[in-house]
Amino acid sequence: MRTTDQPVAGPETPAPEGGPRTSADDRASPLRAVTVLTATAVALVAFLLAFGVMRDPRASRFMVVSVALVLGVGGVFLVFWTMDQAVDLISPRFRESLRPYVFVGPALVLLAMFLVYPVFNTVILSLKDNISRDWVGLDNYRFVFTDRHMLRAIRNTAGWLVLVPLLGVSIGLAFATLADRLRRGEAVAKSLIFLPMAISFAGASITWQLIYNYRPAGFGSNIGLLNGIMIGLGQEPVRWLELQPWNNLLLMVIMVWMQTGFAMVVLSAAIKAIPDEIIEAARIDGASELQVFWRIMVPTILPTIVVVTTYMVINAMKVFDIVFVQPSSAENNGTVVIAERMIRWFFLLQHNGRGAAIAVVLFVAVIPMMIWNLRRFREQEAIR
Amino acid sequence: MSAPAIPIPEGVVAHAPGELRRGGWFVRITIAAIVLLWSIPTLGVLITSLRPESRVNTSGWWTVFANPFRTGEWTLENYRLAIEAQGFGNAFLNSLAVAIPATVIPITIASFAAYAFSWMEFRGRRIMFVAVVGLMVVPLQMALIPILRLFTQGVTLFGLRVFPDLELNRTFLGIWLAHTGFGLPLATYLLYNYIASLPSSIIESAKIDGADHFTIFWRLIIPLSVPALAAFAIFQFMWVWNDLLVAYVLLGGAGENRVLTVALRNLVGSRGVNWHLLTSAAFISMSLPLLVFFSLQKYFVRGLTAGAVKG
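First to last, the protein sequences are chains A and B.
Residue numbers 7 to 390, in our numbering, belong to the letters of the first sequence in order.
Residue numbers -2 to 308, in our numbering, belong to the letters of the second sequence in order.
These are computed hints drawn from the structure, not numbers from a lab.
Be aware that one or more of the hints could be misleading.
Claimed, not checked - If you want the ones that stay clear, here's a sample from chain B, every Cβ over 12 Å from chain A, calculated:
1) 64
2) 65
3) 66
4) 67
5) 69
6) 70
7) 71
8) 74
9) 77
10) 78
11) 220
12) 221
13) 223
14) 227
15) 251
To be verified - Within a straight-line C-alpha distance of at most 20 Å, the following computed SDA-like cross-link-like pairs (lysine to any residue) qualify:
16) B:204 <-> A:104
17) B:204 <-> A:101
18) A:278 <-> A:190
19) A:134 <-> B:146
20) A:278 <-> B:224
21) A:134 <-> A:123
In this text, a Cβ means the ideal position worked out from N, Cα and C, and glycines have one as well.
If we strip away everything but chain A, and leave its shape as in the complex, we get (with noise of 0.2 Å):
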């Protein structure tokens, strides 16, 4: 590791005498000082102007939106280049071992504040009332493993965690596989169905309506295609979406709508990826296209599979909007999932505590996925 204390050796300083040393100094002039000044102090000014306009209630919605994206799309490389201007005005002993803390520092601020301190806040949260005021001990704990739509969102969760990935990865390689072998027009097969992917939760939640949507009897046709064929082949329409247990799986079936697209890009890319050698040396060997498929397709790719399915997974673990847009009760339904509860009690029941909780168990239930996750690192660092 190196020392500030002793001057810096490494491929980009300057050599102590001589040659590219002066020019490294230069850096340092009273000159370059005045000016790299200047510019950080107009450039906070216009930062200022810039937020006054945005905060300005008679601007035009053209106007800010214009300002807005200048500033977010300047500003951000602006920083940088203050700081690393910044950088050079300090003694050159010490530069060149500060500089990669101006690289990395805003990274780990923003982490800092977006993400390490809200999950120790959250623990604090989980351990107070309501209103965040009293400590209660393991209170709300005990609430979210003994409440009966809390048992059911974390065994519907569980459901949501198997099948989804299952279904998505499945379809997904699958498509991919058989896509590989078209002649013509594998490109815009593969286009249309990675198109949901584009789609938000809400917007899905909306399109699906028009799949599952139900009428009673003298209140309007039934516009959900579901029903449309139901009431075609002469039977009574359904409920579907209140069709206990198995709302449930038509609520998986949006996501994996969703989600197999991303699975099925990437799977294709691995697939494409393997050389070409390796199959046709098995398909001259007599196997059969299942067997190319399962012995050597399946192996080589199994890296890319196990990063698509973790990546589905924690997905699962978190989804909420499609459940949360659907008109009808999540708790009437029995549909209800871990996140939607931890916004419901959140935000709709206003319990502090309890929704802290419910986020606290959510984070824990993911740590083992991070700790697989940080150890397949590892390797592949020692493979490096």
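Starting from the structure of chain A, add chain B where the hints point.
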């Protein structure tokens, strides 16, 4: 005629034109079936958004296939209503003002950090990197409440104000920073994988030519990393554009700054049965991410798989 010495051609003839392998009927029909199934919901939205209100409520959207050219079957009126009367035009602009900086800022910050993690030597490099990547699994939901309190009240510890109230609640800056914080772990991880795999000879020779870190980063690393940057940019943009939760909590459900997803949710809440408006609004909100994805999808795949694609 001598017996063939090499048995291979026979084997190839026996297996090669198999239905599966060269894309026979089985493959084509399966693909077509899945694609059709996957497109039905989107098709439903598109068709409903183009039908007049009276038709939407009296017949299912699939009935248009029976007689698509009936008079009064199609209209653009729903879109006009959504954009003007429901304020979806403003909400669209707001979504832009949130999503573009909330994509650029985390990418910039993450690529500076990824560069430092891969090409600079400093104390605590490994620990910092593992910590950054490890934060990937903190559920977003967990972070929202403390952040909201941070924005509105600051932090007081034992009656002492240790962090000021920044008045960031309901501002664009507040939501940019929040999305940046949430997106940074994944961004740093993906960009590190890419930037660290660039050949070290390029960087060494730039150093010999006298380039400092900032120049190497800006002139060399960034142009070389375009595929990875674009892949993450698409990902982050779609995620921010489609986000309802963060926008709802930090920008608020009403007011000047509300974004598309929030406006959409309000439409469901206030008049859950206005399908003609709901679907046209939903389609407006989908349009930009679809455009972004289709114009940049080449980068998306290439960047996520970092050069592993054979072409």
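Inset, instruction - If any of the earlier hints don't hold here, list their numbers in rising order. - result: none
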